[in-house]
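In order, the protein sequences belong to chains F and S. Quick note on this note's numbering: the first sequence kicks off at 1 and runs consecutively. Quick note on this note's numbering: the second sequence kicks off at 1001 and runs consecutively.
Please keep in mind that the hints were generated in silico from the structure rather than gathered at the bench. Every residue, glycine too, gets a C-beta built ideally from N, C-alpha and C. Do not rely on the hints blindly, as some may be mistaken.
Unchecked claim - Which stretches of chain F does chain S cover? Using the computed rule of at least three CB atoms under 8 Å from a CB of chain S, they are: (1) 97-104; (2) 112-126; (3) 182-190; (4) 202-211; (5) 233-243; (6) 253-259.
Number of protein chains: 2
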Amino acid sequence: MRIAIDAMGGDFAPAEIVAGVAQAAATGDGQLSLVGQPEAIAEHLESPCEGIDIVPAQEVVLMDESPRSALRSKPDCSVARAVELVAEGNAQAVVSAGNSGAFMAFCVMRLGTIPGVHRPAIAITMPTPSGHRVLLDAGANVDCKAEHLRDFGLMGSIYAEHALDIQTPRVGLLSIGSEPGKGNELTKGAFELLQNANLNFVGNVEGDQVFTGGCDVVVCDGFVGNVILKSSEGNFSTMLGHVQASISKNVWLRALAPLLHRPLRRLKQQFDYAEYGGALLLGVNGVCVVSHGRSDARAMMSAIAVANKAVETEMIDHLSSAFAELVSVS
Amino acid sequence: MRIAIDAMGGDFAPAEIVAGVAQAAATGDGQLSLVGQPEAIAEHLESPCEGIDIVPAQEVVLMDESPRSALRSKPDCSVARAVELVAEGNAQAVVSAGNSGAFMAFCVMRLGTIPGVHRPAIAITMPTPSGHRVLLDAGANVDCKAEHLRDFGLMGSIYAEHALDIQTPRVGLLSIGSEPGKGNELTKGAFELLQNANLNFVGNVEGDQVFTGGCDVVVCDGFVGNVILKSSEGNFSTMLGHVQASISKNVWLRALAPLLHRPLRRLKQQFDYAEYGGALLLGVNGVCVVSHGRSDARAMMSAIAVANKAVETEMIDHLSSAFAELVSVS
């Protein structure tokens, strides 16, 4: 297996990207191709590194560049070349922590979508005390129709079943009340479609259940998904601030603060879904992992692991069969 | 001043409602009218209680009853009679912890909306380390148009200025990126209207800023508002569980757990916006406070304080003048 990695994308590229790739290579799973400016990459890579090769690309898409302008004016950018490797069959997956809009645009343009999928969606995996949970869409589609949400449910269910080993995953529709009639126009329409889809639909779930459970796959539009994940980050940092302030006010707790340091850091990692969960762009005809812009070496390793797992479990084949069936039925 | 309280509404009614009213009366601000079944109320009320009177109403709207059926079939229900007191000028505000859909329906029907307001919205006040913040709509309108969000911005700004003493409140539009072009169709439309409205619009704010700051008033539709507040509750309880598990694993921390108990409980109250913040139904032609269904005596006291403040600061007059101006301009 070969995974193509955009070495130039992300706030801490190429240093942290290269470091993450080197650490992933050391664990020895397949071949990793670092795509980008060879000199910039070489600067951070210890000379000949087993399992890693460099694929040159001269241009770099900036983090705040418009995807449209990148598509038009930077054919030799690192992210395009990395996607190209998958399109040509020279890699089985691509990972980028760069400009996510541009990355998704290149993926859709060069790899196409799986027949039957209306809109690819970003699936975020959230670790929970009782296992993993998937939320989608985490931000690829801000304006959705009911059938898009139905597709998200199907894709999320297949992903949860095969990549996360959850048998007959429970799919929930994020809404504002658990009763079937509750929700806005979009979710009311999606409720009906999901109910008639070939999956284990458990009905509406409310905001609190995104974190506390009740289902394995949470379906929502990309606007709501993005807002909820970001608010969770904000929520966490506010709470952490409060806890730390309380600790610092008490002499005994202050003395024991180092003992709390590790659990609090673990907690932060657990709640920083966007940063550590690894997000798959589901529905594109190839394994594409969208890594957070702030990715460090550890986040990169986690993204590579997500890519690995999706390839190993033949995610694209499973999605293609499911949607081929859906298309043939309708 | 007289405030009408629906004694029969809420999961813990009438016991906790009556207890909260008794405690509020003890602090001595004006007159409180408990509306509901006299025998049921009397059971929880110590005999003649200064500052409290009982207004009889025989029927009770159930928590899961459809608002439409309540409006049609229960003219003598406690919440209708409580709203009635305001409509007739016998009370200056009404508070209910009962079926919020039915409460809002009775408020709109009997009190009407302030001329110029398209849709009343639920404004939640969130305590933050640096003061208070308002989020609206917290759930009254699940499908909104751009002009509704503009109205929410105006109402939130006026509320923050007068009831929360925030000078020229910064109004932010909840979206998925801080740049003006980011968002869905609804927020892009609302962005333009808010920019041209007579308020201190600071542009888009992202999910994390709902809790970490950057603005005093957060504007969103009721679907997103509800989801974000509920997810914050779920988020908090999950985090609390983690912290408590970490504490129990370490013998030193376990010994000091009682010291952490108080700060954690304070934190819970701070983050349980829905339960303790007090929510005002802004845009209705009267002061209406929607209290959480799980309200206990303390939440009831807080809701009464919110009602008090809105009356004292002449909220309805301020809103009416602002919208009269808006209507005359357009």
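Inset, instruction - Of all the hints given earlier, name the ones this structure violates by number, lowest first. - result: The structure breaks hints 1 and 2; every other hint is satisfied.
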